[in-house]
Structures are given as C-alpha cells and as structure tokens.
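Please build the complete structure, drawing on both the sequences and the hints.
Chain residues, written in single-letter form:
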Amino acid sequence: MSADTNPLAKDLANPPVDGSELIRFDKVTKRFGATTVLDELDFSVASGKHVTLIGPSGSGKTTILRLLMTLTRPDEGTIKVNGDYLTHEEKNGRLVPAGEKHIREVRKNIGMVFQQFNLFPNMKVLRNITEAPVTVLGMSKDEAEERARELLDMVGLADRCDAYPTQLSGGQQQRVAIARALAMRPQVLLLDEVTSALDPELVAGVLDVLRDIARSTDITMLCVTHEMNFARDISDQVLMFDSGRVIESGTPEKIFGDPEQDRTREFLSAVL
Amino acid sequence: MNWDWSAVADFLPKFWDGVLTTLQALVLGSLISFTLGLVWAIAFRAPTRFIRWPVGLITEFIRNTPLLVQLFFLYFVLPEWGIQFSALTTGVIAIGLHYSTYTAQVYRAGIDAVPAGQWEAATALSLPARRTWFAVILPQAFRRVVPALGNYVVAMLKDTPLLMSIGVLELLQQARLEGAATFQYTEPLTVVGIAFIVIAYPASLLLRSLERRLVR
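Those protein sequences? They're chains Y and L, same order as listed.
Per the UniProt record's numbering, the first sequence runs over residues 1 to 272.
Per the UniProt record's numbering, the second sequence runs over residues 1 to 216.
The set of hints was computed from the structure by calculation and includes no laboratory data.
Restraint ranges, calculated between C-beta atoms of paired labels, are given here:
(1) L/46 x Y/215: 41 to 51 Å
(2) L/200 x Y/96: 49 to 59 Å
(3) L/72 x Y/136: 49 to 59 Å
(4) L/142 x Y/197: 18 to 28 Å
Cβ atoms here follow ideal geometry from the backbone N, Cα and C, with glycine treated the same way.
Written out as structure tokens, the structure is:
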C-alpha cells in the first residue's frame, strides 16, 4: 500500500517524528508480592522507532507494556511519555502520584493491542472502532465511521463492518483490534504477544498488517513477541530481557546474528 | 365441603382489585429493585472504600433482616419522624429495597464475570468510567443476569402477600376479607392461589424468551 492511499499516513504524520525521546523508564521497579518483575529498569525509546522486547516468559516484557498503558502502576521510579510524567504529575514543584485526569491526558497518546484481542462482544465491528474516537476524542459519528471503514479496509476487513466479534476468526478479531487501536491516532502502539492466541495459519495475516503499518507510518511501536522473524523484519531495536532487566540491546542484525551475552544466545537457540 | 360458584362470582370484583394491587406492587417493586440493585452493585466497585464500606454495610443489614420487620418499620416507625406514605407506597418501597439487596448480588456476579480484558481494553481506549460501565461492562453483564433476576421477580410475587400485614388490599387480603365477611374461605383462597400461578407462569415464560434473545 502506498503512503498516499494509506489512511494512517496522513493522520499519523502529526506527531513530530524527529527521533527525540518519546518514552523513558527511569529506575522503574515493579513487584508482584515477593517477586520483583522489574528491577530499577532504565530504558528509552525514540519516537518513530520500532522496538521489540524479547526474553523468557516472566522476564517483565508484558509488564512494561502494561505500565505504559497504566493497567498497572510502578512501585518505584518514573515513566515519561513525550516529556510528560505518566505516573506522576508536578504540583507546586513537587512530584506527586498522578491523578486520573492527568493519566487520561498522557494515556491518549498510547494504544494497545492485546493477546486476547479484547474486542467488545456487545458491539458490532464498526462500533468497536468508532466508540472511543466519538466518546473520547469528540469526533462526529460520520467522521469516525468513515475513518473506521478506511482502517478496516487497510486490515482487509472492509466487508465485516456489521459483524459481531464472535462471528469472526481470531485473526480477523485481532485485525479489528489493531484498527481499533489505530483509530485513536496514538503516537505509540503497544503490541502484547498479538499472535500468541491465534491458530498458526492465521498468524501471517496479522503480521502482514503490522508490517504494513510499520512500513507506511511513523507510529512508534513497542512489541512483545515470540515471532522472531517478525521481530527481525520490523525492528529498529531489539531489547533482550532477563529477570526484569535489559541484559542486551541492539539492532536486530546484531542481536539475532551476533549476540554478546550467553543468556541471549541460549534464549534464541531455544526459540528459533 | 361444597364448592359454591356463586361465592366465586361474588368475590370477583374484589379479586380484580386485588390482582391490580398485587401487579402494581410487583411491577413497581421490580423496577425499584432492578435500579437500586444496580446502584449498589456499581457502588461495590467504587474506587474509594468510603463508598464501598457503607454500601456493603447497609445492603448486608437489609438483606439479613426480615422483609416483614422492614415493612413494619417503614409503616409504623417512619411516621414518627414525619415521613408518611400510603400503605401501598410503603409496601412497594419495602419490597423494592429488600429485593435490591438480592439483585445487587446478582449484578455483582454478572459484573465479575465480565473478563478483566474488557476493562483493560476500555482503559487502553481511555473510555471514561461512565462509558465503560454503560457501553461495555453492563451490556455484557445484563445478559448473564437476566435468568437470575427473573427468579427474583417470581420470588417477589410470592412475597407480595406480606403487604397485607400493613393493610394493603392485595390478593390475599381481599380473599381473607371476603372469607371473614361470608364465612366461605375455600373459594376466595383457591381463586387467589390459582391467580398466583397464572401470573407467575407467564412471567417466567416471558423471562425465558428474553433470556434466549439476549444470550447470543
């Protein structure tokens, strides 16, 4: 799909893509009970980059996405998105835990696609996509629907506007979920093992859609995946996690071709 | 014991009044219990315990005291504080309030059964709390709770005779008065018993068809 016919290209050009820092984790610690999932994690993502998080399960990758989506809160440390604190806000020069209103503002820049799709089963496909643009962004119903149809066209489901999610295959549901996330025009798209719940023959269709988005838009992507070929294709940067820390990061060529850490080598040989 | 059709005929005018009153109590009581129960259920999930705790306490209290005691309290004690309603209004409020604490539990179970992923998706789309409740969570919860709510409507119907204790002229009270006046209890009581079945059975059929339509 060429850039001028892609509905995303025109919309998503608005966040400036100058390679500036879009996401910053600063000494972020997250514990669940006695388990420390993230341990004083520092890392940043430049705008427009496609970053893949790899590592064994339980290494904290998904937690990073959930923290960014404010589905869970860090125990210590700060997260910044676009220069704004996500978890805190400044009041009278002091940093205090963020109120709901502040979180909502910062969160609007972020979209997420879930492993289990999480489409709203009580709404038809079109309404799944238009619900948030209309109620959150204040878009008119007509405009939201027109855009939703463009997005559905892009994910290859233009003819399924009036279906209910349960009438679609897993792969189709996930493509709708991608369209739904994009309808909010996020600067950052979080992809949480988006193909893990799919039947093998449906994976390719979803990955093709994501490749297309990665190629034709400036949207920043943070991706947790076990699809190493996909990671290699779309990533500018790969972060290898183990035990709540980034143990190695670099270009996909380097991480997949010539990793420095034994742990990375070990992990890759197990999954490839 | 002889069955006397003329006693039935004599009872009919009062019987229809009783049917009307019972249905009024049932319909209005259901409406109150459905709405108030929903309010409780949402309050159970309030972000602050300053709402959750008092609501939990109040509903447990109402649920665990007899409806008859509540009826007497509302009818005989509240007027001492200058709050006075007609017998039927008091009955409707009492039955609605009492059953709202049951429907609240039904709603709660229905809401808890909506997968966490639905809340997360709503958060990820920044849907406001009100929208999350009314456009996403509750429509999914309702489908699950219709059968259980229906059972409570039937239970409520069977509790409406309690209203006679504060002088509401519902079905059973009409039959009792008729019996007391004519010394013929058999006919009015039988007719009233049948009337309860005739109301309850179509009601459960209606709910079953509603259930079929909602569960996709």
